[in-house]
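Number of protein chains: 4
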Amino acid sequence: MKSLEKHNKILTSATKVFAKKGFFNARISDIAKEAKVADGTIYLYFNNKFDILISVLEEEIGKIIEQIQKSIEKETDPQKMLTIFVQKHLATMKQNRNLAEVIHIELRQSDKLVKEYRNKTFKQYINVISHIIQRGQEQNVYRKDIKPGIAKRAFFGALDEVSRVWAESTGSTYSLEETTEQILALFLNGMLEKKA
Amino acid sequence: MKSLEKHNKILTSATKVFAKKGFFNARISDIAKEAKVADGTIYLYFNNKFDILISVLEEEIGKIIEQIQKSIEKETDPQKMLTIFVQKHLATMKQNRNLAEVIHIELRQSDKLVKEYRNKTFKQYINVISHIIQRGQEQNVYRKDIKPGIAKRAFFGALDEVSRVWAESTGSTYSLEETTEQILALFLNGMLEKKA
Amino acid sequence: MKSLEKHNKILTSATKVFAKKGFFNARISDIAKEAKVADGTIYLYFNNKFDILISVLEEEIGKIIEQIQKSIEKETDPQKMLTIFVQKHLATMKQNRNLAEVIHIELRQSDKLVKEYRNKTFKQYINVISHIIQRGQEQNVYRKDIKPGIAKRAFFGALDEVSRVWAESTGSTYSLEETTEQILALFLNGMLEKKA
Amino acid sequence: MKSLEKHNKILTSATKVFAKKGFFNARISDIAKEAKVADGTIYLYFNNKFDILISVLEEEIGKIIEQIQKSIEKETDPQKMLTIFVQKHLATMKQNRNLAEVIHIELRQSDKLVKEYRNKTFKQYINVISHIIQRGQEQNVYRKDIKPGIAKRAFFGALDEVSRVWAESTGSTYSLEETTEQILALFLNGMLEKKA
DNA sequence: GATGAATGAGTATTCATTCAT
DNA sequence: GATGAATGAATACTCATTCAT
Numbered sequence: 001m002k003s004l005e006k007h008n009k010i011l012t013s014a015t016k017v018f019a020k021k022g023f024f025n026a027r028i029s030d031i032a033k034e035a036k037v038a039d040g041t042i043y044l045y046f047n048n049k050f051d052i053l054i055s056v057l058e059e060e061i062g063k064i065i066e067q068i069q070k071s072i073e074k075e076t077d078p079q080k081m082l083t084i085f086v087q088k089h090l091a092t093m094k095q096n097r098n099l100a101e102v103i104h105i106e107l108r109q110s111d112k113l114v115k116e117y118r119n120k121t122f123k124q125y126i127n128v129i130s131h132i133i134q135r136g137q138e139q140n141v142y143r144k145d146i147k148p149g150i151a152k153r154a155f156f157g158a159l160d161e162v163s164r165v166w167a168e169s170t171g172s173t174y175s176l177e178e179t180t181e182q183i184l185a186l187f188l189n190g191m192l193e194k195k196a
Numbered sequence: 001m002k003s004l005e006k007h008n009k010i011l012t013s014a015t016k017v018f019a020k021k022g023f024f025n026a027r028i029s030d031i032a033k034e035a036k037v038a039d040g041t042i043y044l045y046f047n048n049k050f051d052i053l054i055s056v057l058e059e060e061i062g063k064i065i066e067q068i069q070k071s072i073e074k075e076t077d078p079q080k081m082l083t084i085f086v087q088k089h090l091a092t093m094k095q096n097r098n099l100a101e102v103i104h105i106e107l108r109q110s111d112k113l114v115k116e117y118r119n120k121t122f123k124q125y126i127n128v129i130s131h132i133i134q135r136g137q138e139q140n141v142y143r144k145d146i147k148p149g150i151a152k153r154a155f156f157g158a159l160d161e162v163s164r165v166w167a168e169s170t171g172s173t174y175s176l177e178e179t180t181e182q183i184l185a186l187f188l189n190g191m192l193e194k195k196a
Numbered sequence: 001m002k003s004l005e006k007h008n009k010i011l012t013s014a015t016k017v018f019a020k021k022g023f024f025n026a027r028i029s030d031i032a033k034e035a036k037v038a039d040g041t042i043y044l045y046f047n048n049k050f051d052i053l054i055s056v057l058e059e060e061i062g063k064i065i066e067q068i069q070k071s072i073e074k075e076t077d078p079q080k081m082l083t084i085f086v087q088k089h090l091a092t093m094k095q096n097r098n099l100a101e102v103i104h105i106e107l108r109q110s111d112k113l114v115k116e117y118r119n120k121t122f123k124q125y126i127n128v129i130s131h132i133i134q135r136g137q138e139q140n141v142y143r144k145d146i147k148p149g150i151a152k153r154a155f156f157g158a159l160d161e162v163s164r165v166w167a168e169s170t171g172s173t174y175s176l177e178e179t180t181e182q183i184l185a186l187f188l189n190g191m192l193e194k195k196a
Numbered sequence: 001m002k003s004l005e006k007h008n009k010i011l012t013s014a015t016k017v018f019a020k021k022g023f024f025n026a027r028i029s030d031i032a033k034e035a036k037v038a039d040g041t042i043y044l045y046f047n048n049k050f051d052i053l054i055s056v057l058e059e060e061i062g063k064i065i066e067q068i069q070k071s072i073e074k075e076t077d078p079q080k081m082l083t084i085f086v087q088k089h090l091a092t093m094k095q096n097r098n099l100a101e102v103i104h105i106e107l108r109q110s111d112k113l114v115k116e117y118r119n120k121t122f123k124q125y126i127n128v129i130s131h132i133i134q135r136g137q138e139q140n141v142y143r144k145d146i147k148p149g150i151a152k153r154a155f156f157g158a159l160d161e162v163s164r165v166w167a168e169s170t171g172s173t174y175s176l177e178e179t180t181e182q183i184l185a186l187f188l189n190g191m192l193e194k195k196a
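Chains as they are written, first to last, in the UniProt record's numbering: chain A, 1 to 196; chain B, 1 to 196; chain C, 1 to 196; chain D, 1 to 196.
Treat the hints with caution; some may be incorrect.
Copies of the same chain look alike in the list, so a pair counts if it works inside one copy or between any two.
Stated by the list, open to error - Think about it this way: if two alpha-carbon atoms lie no more than 20 angstroms apart in a straight line, the pair counts; the simulated PhoX-like pairs of lysine-lysine are: (1) 74 - 20; (2) 49 - 33; (3) 147 - 20; (4) 70 - 21; (5) 49 - 21; (6) 21 - 144; (7) 33 - 120; (8) 80 - 21; (9) 112 - 20; (10) 123 - 70; (11) 88 - 70; (12) 80 - 144; (13) 112 - 16; (14) 70 - 147; (15) 33 - 88; (16) 120 - 80; (17) 144 - 88; (18) 112 - 6.
Just so you know, these hints were derived from the structure itself, not from any lab.
Work out the full structure: start from the sequences and follow the hints.
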């Protein structure tokens, strides 16, 4: 049974096709061709077209979320945790353009199942940010008047939008290091010039 | 003119339907029913289904962008400009749930025409932010090491994500005033506790 | 709205196609072509392929059953009633070959819905026979040891099988009059030579 | 031979599945699962799905026909022959529900090959009846005005319909003995009360 | 202008059949 | 012989779009 190998091959192919055409414009035959299998073979591994999308979200994004969460758990210093979070998130998005595109586009779908997924696994990811902020506030590193519930969304939104440029642009853009540094500078110190 | 009235009625209905079902799951007959016209009537005002979406983006979002830009142009103080931008943006998104939903979801579409629109009108909107930052930097209000090209995206991303909560949530969330204040505090002063 | 006309046209065409190919081998496009409408048009009048079959059974057979029942209700003499029943049944079956074929073939389907129909409307038809027999027994016309519940089935089965020949055969067969006479003779007098 | 055993196992399983779901709704995998073999194994014993159906008709029904024909051949008295025919036919149908169901349903198929089979083997079976009647007429046991060509069909149709009840019903029905007796009484003596 | 019945291109999915192991 | 993963042809059904009224 070479099942797992083919399962992953289809998932990668689907990610590629979804990234290029979007879920609704993607054809099962496109994915099959990309994965070099017959159309029917796809249905040996997935229940239907939508199941493929959900699997991409669950499995592929799931892996990323897990990785990032793990690398943060080792740290205790909020500053370091936040830095790692930004670095890892942006690095992953820059690395895997197809997956980044799918996250940017398909995760927004108004479909009930997609929303369900978003509300389950994804919020968990965003909450990592608020936990870091809370810990930082307890340690008097972060300002107490910052509300973690709002800040976590602002922070994630910023990362998400910033990384979208990589997925959609073709030419050269800001580098990973530069972007990481700027985001951290922005959120940690703000834009205001410190008055003497 | 009766025509314009119907044109707008269809556009509003389409926005509502797109918000609820998403573009691909929306049926022309859904929009027709919502607008209380016959299916065929829609084709007297729009070329095709996609044209309706583009029109929603162009006209409805266009109006908003124009309004916000106008109210900012009157100001010269970067701090006030930024404050107005945040207030207006969030207020509009909270006011018009349907449109907010369409912006959140459909503006991400991988479709070529949608991307084209985004690259044209939308970037113009985002650039309002970078212009404000640049002006602030010239006036020594904002830090010079902040790169407006990255900051504008981070800023917009934050606003976008923060406002998404209103579109998708059913229960009570953070208020408009609270959110506006927090976003400004975050981006202007950063999260770091100012050491004495 | 020329709805009813087209509805019937599709129903007749479907009956013809079902008769020729059987339900499962019939293609929607076959029916559409036969009815000279587009494939999609069929779905304006029927929910799905199966609904067409059920409609043929319900509407077309329904009409026949109704007709036969009416012409019997006018009579009170069991002998005349039975004669009319046999005549009408066989005449109808000989007249409309396509419908006869569909009744013979598709009414046997193991499908749940078909069974449901059979159990509802069809039994009602068969029970006409047992009622006639009962009345005849009360009037001392028919033998009391005949059980109407079995006899009604034997009677119907005989008619059904006898009429199948017309639907399936291409050459000449027994005439309507001949067959009617024989069936009546058989069931009324039996095959046994009356001993003096 | 192990092969023959498996051949029969598949045939029995197919009969069961066909009886339950009907030929078109039956899946090869259903039959394979029922027979506890792999899907591919079936194709070592049969050419295709349709071949299985034909084989069920040919082999399974063939055996029954042969048995009944044999038990009749021993007799010379038309009355006894007819009695045996009815007894055996009904007994077999009541005994083997699955096969009875397949005969009732699938033998009606409009498929060319099925029709061919019916026209070949099956008519031979029905003709047993007409031969008995003819013999009875020669011996002055049966009335001369009965046309064996029509009567054989009426007779078979009656048996067929009467036995269908057993295949489809779940509750209690008329017993085998009762039904046999009634059918014979009906066809031999008719329904008419003998006037003194 | 407005209607909505009619159109027919387009596609996800099924499942009989094959064949490498 | 036996397996069951892989194949890909086949088709019911949908829905954007048209056009006669």
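Task: 20 angstroms Cα threshold - placement of residue 147 relative to residue 70 - done: Answer is neither: 25 angstroms inside a copy and 31 angstroms across each miss the 20 angstroms cutoff.
Open item on the list: At most 20 angstroms between alpha carbons: which applies to residue 80 and residue 144, within, between, both or neither?
Closed with: within (19 angstroms within a copy, 24 angstroms between copies)
Task: Intra- versus inter-copy proximity for residue 16 and residue 112 (alpha-carbon distance at most 20 angstroms) - done: between (23 angstroms within a copy, 17 angstroms between copies)
Open item on the list: With identical chains, the pair residue 80 and residue 21 could be close in the same copy or across copies; at 20 angstroms between alpha carbons, which is it: within, between, both, or neither?
Closed with: neither (38 angstroms within a copy, 42 angstroms between copies)
TODO: Up to 20 angstroms between alpha-carbons, please classify residue 147 paired with residue 20: within, between, both or neither.
DONE: neither (38 angstroms within a copy, 30 angstroms between copies)
TODO: First find the shortest C-alpha distance between residue 112 and residue 20 inside one copy, then the shortest across copies, and answer within, between, both or neither for a cut-off of 20 angstroms.
DONE: between (23 angstroms within a copy, 10 angstroms between copies)
Task: Intra/inter-copy verdict for residue 123 and residue 70 if alpha-carbon distance must be at most 20 angstroms - done: Intra 16 angstroms, inter 36 angstroms, cutoff 20 angstroms: intra-copy only.
Task: Intra/inter-copy verdict for residue 49 and residue 21 if alpha-carbon distance must be at most 20 angstroms - done: both (14 angstroms within a copy, 18 angstroms between copies)
TODO: Have a look at residue 112 and residue 6 and pick one of within, between, both or neither, based on CA distance no larger than 20 angstroms.
DONE: Neither, since 28 angstroms and 31 angstroms both go past 20 angstroms.
Task: Identical-chain pair category, residue 33 with residue 88, by Cα at 20 angstroms - done: Cα proximity of residue 33 and residue 88: none, with 32 angstroms in one copy and 48 angstroms across.
- [ ] Please work out whether the CA atoms of residue 70 and residue 21 approach to 20 angstroms or closer within one copy, between two copies, in both situations, or in neither?
- [x] neither (32 angstroms within a copy, 36 angstroms between copies)
Open item on the list: Reference check for the pair residue 49 and residue 33, CA-CA at most 20 angstroms: within, between, both, or neither?
Closed with: Close inside one copy (15 angstroms), not across copies (27 angstroms); limit 20 angstroms.
The structure fails hints 1, 3, 4, 6, 7, 8, 14, 15, 16, 17 and 18 (numbered hints given earlier, in ascending order).
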